[in-house]
Every structure is written in C-alpha cells, then in structure tokens.
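Using the sequences provided together with the hints, build the complete structure.
Taken in sequence, the protein lines are chains A and B. Each residue of the first sequence is one higher than the one before, starting from 89 at the first, in this note's numbering. Each residue of the second sequence is one higher than the one before, starting from -1 at the first, in this note's numbering.
Hints in this document: simulated from the structure, not taken from any laboratory. Using N, Cα and C, we set each Cβ at its ideal position, and we do this for glycine too. Treat the hints with care, since some could be wrong.
[Said to hold, decoys possible] Reference listing, derived: stretches of chain B covered by chain A, where coverage requires no fewer than 3 residues with Cβ under 8 Å from a Cβ of chain A: (1) 16 to 23; (2) 190 to 202; (3) 215 to 222; (4) 305 to 312.
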Amino acid sequence: MKTLTFSGGVHPPDFKGATETERIKVISPNAGDEFTYPMSQHIGAPCAPVVKKGDDVAVGQKIGEAVGLISAPVHSSVSGVVKSISDVITPTGVKSQAIVIECDGENREHQSLNNGRGFEGASRAELVEIIKEAGVVGLGGAGFPAHVKLNPPADKRIDTIILNAAECEPYLTTDYRVLLEETDVLIEGLRILLTMHTDARGVIAVEDNKRDAIELIKGKIKDEPRMTVAALKTKYPQGAEKQLIYACAGREVPSGKLPMDVRCIVHNADTVIAVQRAVVRGRPLMRRIVTLSGGAIKNPGNYKVRIGMKLADLVNLTGGLRSEPRKIISGGPMMGAALFSMDVPIIKTSSAFLFFTEEEAKLPEERPCIRCARCVERCPMKLYPFELNQYAVRGEYELFKKRNGEDCIECGVCSYVCPAKRHLAQSIRSARGDSLRRK
Amino acid sequence: MGKLVVTSTPHIRSEETTKGIMLDVLVALAPAAFMGVLRFGFRSAAVIAVCLASCAAAEFLFEKITKKPVTTGDLSALVTGLLLAMNLPPGVPLWVPAVGGFFAIIIVKQLFGGLGQNFMNPALAARAFLQASYPDKMSAWLLPGKGAFLADAVSGATPLSTLKYNAEGFYPQAGDYMDALFGRIGGSIGETCSLALIFGGAYLLLRRVITWRIPVAYIATFMALSGVLGRDGLFTGYPVYETLLGGVMLGAFFMATDYSSSPVSNGGKIIMGIGCGVLTFIIRRFGGYPEGVCYAILIMNLFTPIIDRFSRPRVFGTGKGGFADV
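Here it is in structure tokens:
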C-alpha cells in the first residue's frame, strides 16, 4: 500500500510503549467528588449557565447553553447538586466561568437522554441539530464545535471527510485504542457524517506504525464502498489538519482558508464516536478518553473519564503518582500546555496529561543560531523559523508578516530540531498572536 | 507538591547540540589530519597544534576582553582551527598559522557577531589572507617521503602545478590515481589524501551534519566541466584525477558546507554547489593560481545572501493554482 505524507516534519521518539497496549479503563466517579464544568471548553463564545446554586441536576442535563453561532452547550456528567458558579482556570490556561457540581454517586439520568434514532434518511439539518445539542466539539485538542464544521455554507461542496487518527504526538495513544476497541462505533459514526454529505468519501487516516488497527478497519469496511483507509507515514506533525489533507487528498489549504475551501472536513476519531453516541444513543458529550503517561505517574494508560472530573481526583483513582512531577502537560509534548497545578478539571479537549519527572522536564539552554537550516528543512509549512525568530525577538512585525509568520501552525518542529535549542516556536507563536490580534 | 515548571512548547527536544555537531566535524576531519601527519611528518602536527591553539586562544581572549560569555566550549573555534590547518602547506613557519588563527577568529568570526554570523568561511578567509600576505611562506610545499614513515619529506611541486605549468606529455596513470587517493602527493596538510576526506564526508552525511546537496552539486559540476573542457581540447580532461587533486574533496564536504556562509534552502544549496564547481574550474584553468577551491568558495560565500533571497521555497498554501473550480 502507498504510504501518504507531506514534506518536512520530524521523527521524535514516540514514548507510546507505556500506554499503547493498555485497554481503555473506565473511571467511575465517587459520591462527594466535585465536578467542575467550565463554560468555555471549545473555540467560540462561552456558554451561559442555565442552572443555579442549589439546583439538583441529573446525568446528561444541559447546564450551559450555547451562546452565538460558534459555541457548544455543556452537560453535567454526574447527578448531584450545584455547589457554586465561579471562575476557574482551564487546562488550556483560559480563565472561565464554571459550574461546580457535587456528585451524589447515584447516576440519575436526565429524561432527555437515550432518545437516540436511526440516521438513515435523516436530513443534514436534523443531524446537525442533534450534534449541536449534544455539545460535540473537536476532541483532538482544538475543540471547534463539530456541528459548525459539519454544516458548511451551501456553496461549499464537501467531497472528502477525513477521520483523523494519525495521533502523531508522542506519548498519546487514545486514538489507537479507540481504533482497536471501538471500531464498529467509529465506522457507524463515519457513516453518519457521510449521510450528511452525500457526495463525500470517508477516509480513515492512520499512521503506518499502527498496522494492526489498519488491518482491522480494512476488514470491517470491506462492504462500505464510500470508505477507505489511508496509511500515513509515521512522522510528526502528520495529524496537523493542513498536512493531513495534503497527505490524504493532495490539496493545499490556501493560506488563511479553511479545509472546507478545498472540499474537506477533518474530524478526530474520538469526535466521530461522540457523534455516533449523540445520534444513535441519544447521549450528549459527557466523557472522553484520556492518556495518562510520563515517568511520574504510577499507572500510565488510557482512561474513559467523565468530563468535569478534577485531574487530582483522576490521578488518585488510577493509583496516584510514582514520584513528584516536575512538569505536568495537558496534551502532547509537542503542542500541549504546561499546567500550574493539578487543580484543573478534565474538559472536552483534554486528550492527555503527562507527568514529567525532573529528568524528563529538563530543557537545554538557548544558544546562538548557527544557521544550520534544520528548521528550514523540517518546517511543514516551508517557513524560515530561524528568521521569523529574529523578527519576533526584534519586534519587526512587518517583516514577520511578510515572511508568512501568520501561516505558522505552531507544531513545534523547529524548536524540536534546533541544535542551538532556540525557542523558535515560542517566539513565533507569541509574535503570531500579536500579529493576528492587530487585525 | 513542589513547584511545577511551566514552559512554552515543545516540551521535548532532539538530542542534537551545537557542540555535538562541532565534535562530529572534528571526528570527520581526523582521518585526513592523521594522514597529513603520516605523509608530511611531525612538522604538520605542529602546524595543526598551533592552529587549534591560536583559534581557541583568540576566541577566549576576544570574549574575555569584550566581556561576552566565553563560548570556546562549543568547539566551533577548534573546527575553524583544524580546517585552517588542513588548508596550510606542511612546511609553513609556525608563526604563520598563529597569525591565521587570530585573523580567522577575530576578524572574520567575532567582529561580525560570532558563531553563525560570519559571512565568509573563517578558515578559508584566513588562508586567503595568509596567501596574499606571505606568498613565499604559503608555498612551502613538501613531497611526502616515498614509503617512509614521517621522515624524509622534501620540498617540491604539487600535481596541480604540474598539470597547470608542465602538462606536456603528462597522462595520469593508475599509480597517479592511487597516489592522489592515498595522499602520496604534495599539497596542503589535509587535502592530499582524498580517501580519508571521502570517509570523513560520508561520516558527516551519515550523521546528518550536512546534506548531500552542496558536495554532490559541487563535485558533479566540477567533474563535468573538467572532463568536457579538457586542458587539450574538448573531452580530453581527466575529471576523476582533477577532482582527487587539490582541495576539491576538502572544499566540497567541509568548507562549502559551512552553515553560516552557505544558503539555507535546499535549492540554494544546489546553486551554491554548482557555483563552487564552476568557479573552481575557471580559476584552475584560466586563473593565475593552480588551485581554485579556496577563492571559489569565498566568492560563493559572498553570493550567499543573494542566493538565499531568491531560493526561498513556496510557503505551504500560497500556490497560485489551487483548486480549479473552488
């Protein structure tokens, strides 16, 4: 089979060994645990709370209502009582209003749950409404509301829906476990997306280091004429949206445009499962799969966790820490955010938490650029990171913009390969943020 | 729980370091340096030692005096020193390499901003400076003692000057090729044993310190030109022999690939290699010197900013074509 890829990228050690053979374990909440639901768990406008302090809530009850076009509602993942509504810091570093619910451990389900339906013959509008009401957002990390992506303007025809299971970040293995353990749900989810876009073919994109998953899915989609599996070269950032579309469909998303502009939709594997659960089983997004890994965690593995659970509680329920972590990362080591404490809730976009020991957290000292051009050779966007770094450091924003600094996808490849250990990605991201905000 | 470290992404870095790269270059040069000592005697070992010491001392002193962080630990000054030694004749008086080392580090490297900022290869610029300042000292060529170890090197002409000035009736034989491969010829300390340089170049490629583009484009261009435009007319050249002589191998693998003074894009590197090949050929054939590598690379160093400017790859997503009917 032909292996698909893009130009550039790197091969960091994958560190997946600790978790890739671990079956997904379900973590059940305990009575008395506090669950925290930030109103901003997605890209777009934060939700407005629709419950108040003292309210009794059930599993699956909507507690935050979407506000505006790009937003997604939030549901309670436990039954219990609203203890407070106050500001918290989310794992992505955003300050957000949050609803805190004390779990009563009874798992009483809300009456709106389980009114699932068949999707054959359903219109796109009906399905979009269900997915929207279920609060489904991109679970790969960005958290863009799924119903918005799935419902492009009428003039944008979609011919390719890519199910992103590349999972190119080191340490992370949730997509891989989902491919192996929830194969049928995944395929049914993709079938739903294809029902919404009748001209589209579905491509399940997997890196070729997951041979067993590729073979398993191939066998299962034998009778699905509209689905194929794309074996991608194992390389970081193979799962980056633009690079993935290029690998699977041979199209470049033009600078400043969206995948739908080249007739593509990309969804993460776990997102597609959330879509299936919303449509077929009538269950809103209440849980997600999280990789816990790194040298300081006792039992690395993949855990099915109710959204809203505190990270500290999750760590305790999985057996605790092996040693004191020096750094905790929400997400993968290339693009994830470092946390200030374990006092954060698991949110919709929490794909992983990595607990680094002193040794793993060590970062080398920055030295002068030697112009070795490794960053130029490896940049998946074909930028000159060493040069953008100079513009960023000197505050030369005109040049930064002229040299396409705004096209950076912040994948971190440049910093990773730099032998002088320069903070290329960091400086470019910061300048890029400033540059985009000035618009 | 103790304080957590919070830093920006990415949270992991490759193992490669500046010092590691410099060490790789030193290792790659070691066989050629060893052969230089073997062929030309301990005299050349002294030249190498003076070059290394003067470069390291110049960097240390300059940074101390200007109150900058001392960077001799990154080994880059030693790389410059060893490269300079490779480019000097074995019989040169020992004060000459000392002057060269200080010139390379202070004038060419530090005054322009230090590591990564020099617009010319410091070792080559120093060699050119010495050549212009002390032409007699810089042609102290020795012939390696035939078969003997270290001992009886005598002064004599290099094969390149033979080719240039006394080529009448000369056709390189199998033995001449072997002499050039194994360094049984006159020349600079580090340029005569082509085999050792090829090993060193292969090591640099294998370790990914350099990419193939500059050396392959350089050598291929030079071979093509010297084969087609032979010294006695069309297709009368000895492309392989000419490539094994002088500093072509040393230049292609070790000098033209200097990071700071060569282009950064893949396309730019090919242009750099082709330019070096063309200029080396022109200088050797038509210039006043029998050898052209040093000036060819220095001239291309000056073109590097222009090449960089015009060899940028197209940024992803900025194509004109795109999607016909979108």
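Against the structure, the hints come out as follows:
no., hint, result
1, 16 to 23, "holds (count 3)"
2, 190 to 202, "violated (count 0)"
3, 215 to 222, "violated (count 0)"
4, 305 to 312, "holds (count 3)"
Going down the numbered hints, you'll see the structure goes against 2, 3, while the others check out.
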